[in-house]
Amino acid sequence: MNSFFARRYVITGIFVALCLVLLVRLFYMQIMDDKYLLASKSNVVRRYIVYPARGPILDRHGKIMVQNVPVFDITVLPREVKPFDTTLFCKLLGIDKEGFDKRFNKAVKYSPYLQSVFEKQVPLNVWASFQERLPEFPGFDVQRRTMRTYPDSTAAQFLGYIGEVTDRDIEKSGGFYRPGDYIGRSGVERAYEDLLRGQRGVRNVLVDSRNVQKGSFANGAFDTSAVAGERLISSLDSKLQKLGEQLMKNKVGSIVAIEPSTGEILAFVSSPTYDPNIMVEKGKGNVISAMYNDPYSPFLVRPIQAYYSPGSSFKPLDALIALQEGIITPQTTFFCPHYYQAGNHRVGCEHFDGVTDLRKGISQSCNTYFCNVFDRLINAHGPKNTATTYGAWREKVNNFGFGVKLDVDLPHERRGLVPTPLYYDNRFGKNHWRSSSVISLAIGQGELLATPLQMANIECTIANRGFYFKPHLIKAIGDKNVIKKEFTEKHYVGVDSNYFHPVIDGMQDVVDHGTAADSRIPGIVMCGKTGTVQNPHGKNHSVFVGFAPRDNPKIAIAVVVENAGYGASWAAPIASFMVEKYLKDSITRRPSGIDLHRYMNANLLPPTPAQIKAQKQRQDSLRRLMKDTSRKRTDTLEKPRVQLKSAGNNNRRDTMAKLYAARLKRREDAE
Amino acid sequence: MRSSSANQRGFFFNVDWLTVLLYLILVTIGWFNIHSAVFDPKHPEVIGFDTNYGKQLVYIIAGVVLAIVILLLDNRFFIAFASIFYAITIILLIAVLIVGRNVGGNQAWIPLGSFRLQPSEFAKVTTCLLLARYLSGPNIRITEWKSFLAAGAIIGVPMMLIMLQPDTGSTLVFCSLIFVLYREGLSPWFLIVIALIIALFVLTLLFNQLYLILSLVVLGLLVIWMFKHYRQVVFAVLIGLAISISFIFSVKYIYGHVLKQHQKERIDILLGLTTDLKKKGYNVNQSKIAIGSGKLWGKGYLQGTQTRYSFVPAQSTDFIFCTIGEEWGFAGSLTLIGIYLFLLLRLVAIAERQRSPFSRIYGYGVASILFFHVMINIGMTIGIVPVIGIPLPLISYGGSSLWSFTILLFILVKLDSNRMGTISPA
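Residue numbers (full-length UniProt numbering), protein chains in the order written: chain Y, 1 to 671; chain R, 1 to 426.
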């Protein structure tokens, strides 16, 4: 037909070839390459995490100690914001125009298409009035979150607090936590994190190109629902806890009360304390850093982290071990000449007790008696075997939970200290130490260190006549009230129950007519032991340990008030109020006339370093003033003399405070 | 009278039903995919002016009516009035520059009530007709410069006017008519040179100029050495080299000064010179995601997530292939391209069976334009040609486009149905 007829094949060939190019490319994209499918999924599917409610914590009577409250964040989606009455908006939220612009620009900068938080944690009343007018502010919304709240504001150190996870937490958890998650940082919140946090859910939502939600992905086939965290029932009695905190207000120290028949901790006071609610409030950063710098270390969990020499409260233990070993009998007597001669030095005794048996030794807290007992104990196998005998003694002490961790269910428990024979070998040289070298251990001084929890635990053991349950703070877990098995096992300390009676007799005497007679509670037989713990850094610590009632004891207690002086004057009355409150739910007038409110209101805080400095300056200027006045006006000598006296007082206080500060610092360093 | 009535009766029998069927299949596929692309549960009605698919159905019905009208017209009508139609479109193309409405940067539409007419779409038809008319004239040899320039002018005038809108896509469509000229005797060198120019352009943008020139020179010298006894070859290679090198130098200039910013960006994205998936590369990237995520069988009708949640812009018009690729998968892509190829081959076959050169040339024009649209449109959605806004024939949403292809096709069907009759150009 045409001379170029053959060209139809060229053209056809080009058509076919180029269509094949398209098909090859499509084959590669649609069949071979998976990346587009993944990209299309990530385009439209947004994974939202559904946060479970964190488990609440109740006290032993079911009163709520921690729960979740809704808080309201105001969010903004800049793309959807339309002109509105900014003046009204600012007035409702209580912010100014500048603040509004700042927040809004931040949100726009983050993304015009994504929702971001405009204002965090608005108060309930603000939320209410804002919610009402929300339709007037297109693009703004209110998002509900939950926050921890503490209705009683008590037991801060026990409960602990939660905080946003750090990068390290995320790494350590192997990616379980995600940025923005909360994790228990201290206390029960940390110890029981696994149970409290619950299980996160996932919601897969479809979104369009403008990030507008379009319903659930695959009808929710890949969604999981959140499982709320377990409810924890604490062993604490919140009334008792509250009283303890009131009593310890403006004092440094702690109270631990345990139910001997279960090991459940009834009160766990660490003073000074803080209101746990401030840890969740807005702008908490400043408050927390201020608390970290507080010289009284409110974050220190004193019941399990503060070290004290047990002092006289250790004496019953001496006696029990000696009785079990057969070193003494209840009738064994020693003569107390007001001191105990240990080698070439003397251990003083507060009283001239004369002939002293066990009961009297305990009730009068006779140092001489217990030094003798200890001396016999350590020399039981001859002076040459001091180290091994001491080692055996140490193990018996360890059995009481002294110098070992009690594994309480809180993080960072400290073990205390009962030195090993090796320690003394290093200090004195091998075989160069005898019972006299370590005689101060007999009266709970020297190297011996214990936490208030350990002291209270010994009282449990005595109250139970020979065993204790692991002290613990969480009594039951979840709706089924599961009790951890380890908390139901008896720990025998290796002293037969019949040996406890004479010791308990002595301890009853302490309260009935001994050192703690002022603290006797009408109608309750309390057994106890006061301790006035020598404190090389300042005023003695006041210690009382005990349990009540004598038969079928319901509460064992240890109270330590730092720098307060005699055990009988502060710790014992405080303990007695606690015991009475727990057993009778009210506090009656004491025959001795001691008054609850005096103890609540007393301020025994040692001065802080800043106060010390100020005092020193005042003192210096006074001194200068005095010099000047004495030079110029010799006729008015009377007044400077008075000031001199007070300056001297200040001076003494000053040294003590300095030492206290040094101790605090050391303790913090050790943390 | 008798022969006339026999002609009338024979008319429907002579219609190439296969082409008509393919046409109907394509518009049906088009409608369903537009439906899917813009489906809005708030407007479930299928016909009406609220939704694009409602409108498209109206357009399709109008298109079918148009096709029947064309089939009822006399063949001579198209031949006789070719020049007049052409003149009308040229006037419209000038008018659109003055009174047209600017949509999306292109002054391509003349508003007619609620409907907007796009003269450039119809210019394809009339240019084809006039080109066929001219080339089928006596003593016209495309190999002669005079004829070649005249043919070039017929194609070039509407191109220039469309370029002024400026609608690059529609302008480039006219380039496809080179196949027609080739079929009618244009030297194959034109095709080869065009292919080489495109290759050189891409290579220049991709590689360092210096290395490119060096390798070209080495290649050239190699060829010269191989054919050193053929003076003509040596001469041609030398000229070719000189032109290529000067072209390479001019590419930077063309790229820097002639092309517009958005055109440069599209080329850059295609060649992978920029990867800005958020802004400039967003369309193509989302389009590729839509098509690639279809896998073998697709996500199913109305189930495409890219489509449903409007990740791809211009989903119902230029990027309609995304919906097909996503919801019907490779199976759908293969079927669609298969249908197009089948139609193209059918058109070539129809063209070749014409006795009249007019019909043949026109047939090739239709095939070339259709081919160019399909290649460029699908190519851009899968990222192998730069984004040029031209619709997918008979599938993309839009009345002007649908009707211009309907007219284009059915004039050929009409010419073909009458191929046995003696038709000579007036």
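Hints were generated in silico from the structure; no laboratory data involved.
Some hints could be false.
Claimed, not checked - Under 7 Å between C-beta atoms, here's a sample of chain Y residues computed to sit facing chain R:
(1) F4
(2) A6
(3) R8
(4) L18
(5) L26
(6) L37
(7) S42
(8) N204
(9) D208
The beta-carbon is built from N, C-alpha and C at its ideal position, and this holds for glycine as well.
Now for the hints, and whether the structure bears them out:
Restraint check, F4 of chain Y versus chain R: the minimum CB separation of about 5 Å is within 7 Å; hint holds. With a least beta-carbon distance of about 10 Å to chain R, the hint placing A6 of chain Y at the interface is violated under the 7 Å criterion. Given the 7 Å rule on beta carbons, the hint for R8 of chain Y holds: about 5 Å separates it from the nearest Cβ of chain R. At a threshold of 7 Å, the smallest CB-CB gap from L18 of chain Y to chain R is about 6 Å, leaving the interface hint in force.
Proximity of L26 of chain Y to chain R holds as hinted, the smallest CB-CB distance being about 5 Å (cut-off 7 Å). This hint holds: L37 of chain Y has a C-beta 4 Å from the nearest C-beta of chain R, less than the 7 Å allowed. Taken as an interface hint, S42 of chain Y does not check out: its beta carbon lies about 9 Å from the nearest beta carbon of chain R, beyond 7 Å. Nearest Cβ of chain R to the Cβ of N204 of chain Y: about 12 Å, over the 7 Å cut. The hint is violated.
Proximity of D208 of chain Y to chain R holds as hinted, the smallest CB-CB distance being about 3 Å (cut-off 7 Å).
Checked against the numbered hints given earlier, the structure breaks hints 2, 7, 8 and satisfies all the rest.
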